[in-house]
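**Student:** Here's the letter readout for the chains.
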Amino acid sequence: MRPLFYIHQSSCISPQSSFEPVDIDQLFEPADNKLMAREPSYDGIPPGILRRMGKAVRIGVGAALPIIKGPAEINGIIIGTANGGMEDCIKFLNQIIQYEEGQLTPGNFVQSTPNGIAAQLGLISKNRSYNITHVHRGLSFENAAIDAAMQLADHQDNSYLLGAVDEISAYNYNIDWLGDWFKDENTGSGTLYNSGTKGSIAGEGAAMFLVNRQKENAAASIIAIKTLHTPDLNLVQQSLVNFLEQNLAEGERIDLLLSGENGDARIDPYYHACETLMGEGTTIARFKHLCGEFTTASAISCWLSCHILQQQRIPEHMLKRKGNPNALNRILVYNNYRGEQHGFMLLGRA
Amino acid sequence: MSRIFVTGMGIVSAIGRSLVQNHLSLREGKCGIRNELDLFPSKYAGVLPFGTVPVSNNELRQTLHAQEPGVTRTSLLALHAFNEAIADSGLSPEQLANTDTALVGASTVSGMCLTDELYHDANKKEAGSPYLSSYDNAAVTLYLQNRFGMKGVINTINTACSSSANSIVYGANLIRHGLAKRAIVGGADSLAKFTINGFNSLHILSPDKCQPFDEQRKGLNLGEGAAFLVLEREEDTTGKKVYAEFTGHGNSNDAYHPSSLSDEGEGPYLSMKEALDRARLDPAQIGFINAHGTGTENNDLVESVAMIRLFKNPPAFASTKSNTGHTLGASGAIEAVYSILNLAEQEIYPGLRFEHPIAATGLIPVQSYQKTALQHVMSNSFGFGGNCSSLIFSTI
Amino acid sequence: METEELKLQLKKQIIEFLNLISVKPEDIKDDEPLFGEGLGLDSIDSIELIVLLGREYGIDIKDPKEGRKVLVDINTMVAYIEQHRTK
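These protein sequence lines map, in sequence, to chains W, F and X. Here the first sequence is numbered in my numbering, starting from 1 and rising by one per residue. Here the second sequence is numbered in my numbering, starting from 1 and rising by one per residue. Here the third sequence is numbered in my numbering, starting from 1 and rising by one per residue.
No lab work stands behind these hints: they were computed from the structure. C-beta atoms are modelled at their ideal positions from N, C-alpha and C, and glycine is treated no differently. Be aware that one or more of the hints could be misleading.
Stated by the list, open to error - Below are the DSSO-like pairs computed for lysine-lysine, each with C-alpha atoms no more than 27 Å apart in a straight line:
(1) K209/F with K30/F
(2) K65/X with K29/X
(3) K209/F with K65/X
(4) K87/X with K91/W
(5) K91/W with K62/X
(6) K198/W with K124/F
(7) K62/X with K209/F
(8) K12/X with K69/X
(9) K240/F with K91/W
(10) K218/F with K30/F
(11) K181/F with K226/W
(12) K62/X with K43/F
(13) K43/F with K12/X
(14) K240/F with K30/F
(15) K29/X with K91/W
(16) K62/X with K218/F
(17) K126/W with K273/F
Stated by the list, open to error - Chain F residues, not near chain W, derived (Cβ > 12 Å throughout):
(18) D116
(19) K124
(20) E274
(21) K312
(22) E355
(23) G362
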């Protein structure tokens, strides 16, 4: 199976030590049911630009910086983000109310538009090529990745910056909390998955990738992606069966299922249904205790997959069930956003 | 690879609630921009002109049978245009629900049209409003997906004011790459206290009705609306009505400033050029340009400069934002529909209120209705963040 | 308020309002251009500074072009504030 594309460089700012130096064996715990990003010092971003950036833009640009400052020519910037600069958006909203639609400062307004991350990356790197932002809630990253695959099918020699980012702001946390999407009880990584209660813990992060169709020296490959919108569990299961049939070659199997399980008892049945489709040899691991639940968490799982494929080792705290892989060659990521948006990504060792 | 044909269109804007009404208004040079705003209380209601769709939310809810809690005006406008587009193309409910039918939407305002409700939900931890999952950009697309049980690839794009131009491109790409057989593509935005105050804080809202490409222009007027197009492969359109072929697109970033375009218009130039290259056309083959033409000092000058750079003697052009106001995330799709009407009807519609050409460029937009032979029409959309997009549609 | 005192207050306000990371009041010279070279501010900043003058000093500048004459450097801003402040 020819992959959609290869991942050559990956970079991640998350609530864990995912940015240099990388150490995901060590686990940072949530505080007040929130896993906040561990931000680096951003030495590479000029202060005049940094001062305007809200957190989403900052961690997005910060994570992308090692790639856009790298030697590879980048022929386009493809970003997924459900909300972009939510904090700036609400800051401007609060100004509207506080000053009763009087004289308002435009900075927050300009920074609030979700395409601000891709735009800022274009601006910093003076990259005038393809520039786009996918904002499809829990499938923003998957759609960005499908876009990258299509661009690369049309332009075989190109390289793209593909990535995703979303932030926790006090405000979107409130909205999602009111919507019953976060747990009421104080939850840590040890209790997240077996609480039996509704809701998850909040998270944020940014993951960025340099992708192209060159196999040589690649870190990993994305073999296939499929998205689905339905609350129907049987349809999800059937869709996964078809996905694996279409994309696993004869004799290939899934070595690792990286499950987006998030501790929300209402969503667990979907993950269990997909687990039952895996053979006994498949290892099952989880990642939401590392980054929390958010709209583009699947981008973090993609970064983790690259890391695991390269290291050929899965951190102990991620394991749910140990299979018997000789080597980690195929990783399936299944992520489910609120029981309605489903994404399957098949990754391969390069 | 398959040619991509447009087989259905639906639209709602300040100048009409249907394709037919919009067409008539364009021919007659009607302006839908008025000093009235009764959608929500605002300091600027009755003070600034807006391109409001003259239909209340209640009326939309009733006529569309859309009584679901949490439905916002943006979703209602989207549904209205979507319904017209799928009926126009004759798509069945089965086709809509098929895994090979894609939906690509775009919205920059989405549920933020409920600016006061969002403020309440975001700041308080009391009981939430019914709109908790209606605020994000994807909410409009997901409402349509859910309502029609759509199972193909579903996506939402935000490149600010060029958003729905890019959703058209993404949908066409899905078809070309075999990820969908047909795609319903477009966008919707409604007026909001949020955007009114946002653009006002940048001092780019005109106190008068906008005058695109006029030396004395004072800024833009915000508008609202929605448009959807049905894209299909040539081989699937036998016996169907076909409006036009989608032949080219360009996407470039100006990489200059978060909210204004560079003096030399590098982004606009590159997006128009890429669209021409992709359509394998010479500049002289473009018969008409539906310009971005917001009426701001910056846009109209830069767009003119870029047109002159690329075309030397630019073809006939005008901005329909003088009819509708700037509909933000919907404008790319709305103006694609207008460009396709140019082709389908072989006519050019007048830009309104133009008096004096910009001294530095001297370009004069079309000011009267003309019947003319057109083969290729370009539509420009440029957004904050330097996101520039150009589309080309052609007669088949 | 003494002019020197006002200058310092204004510098602090500008730093906070524009979130000028790692800039200290003493880094801003009174006659150093705010835009272009000097502090490197841009068009959005100029609008923000006009809002600052409105909120902190009750000065209402309607025309951004008028603003450009005021927002040259700290000296021109302070002179304008002393002449036009309403609070």
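**Student:** List, from low to high, the hint numbers that the structure doesn't satisfy.
**Tutor:** 9, 13, 14, 15, 18, 19 and 20
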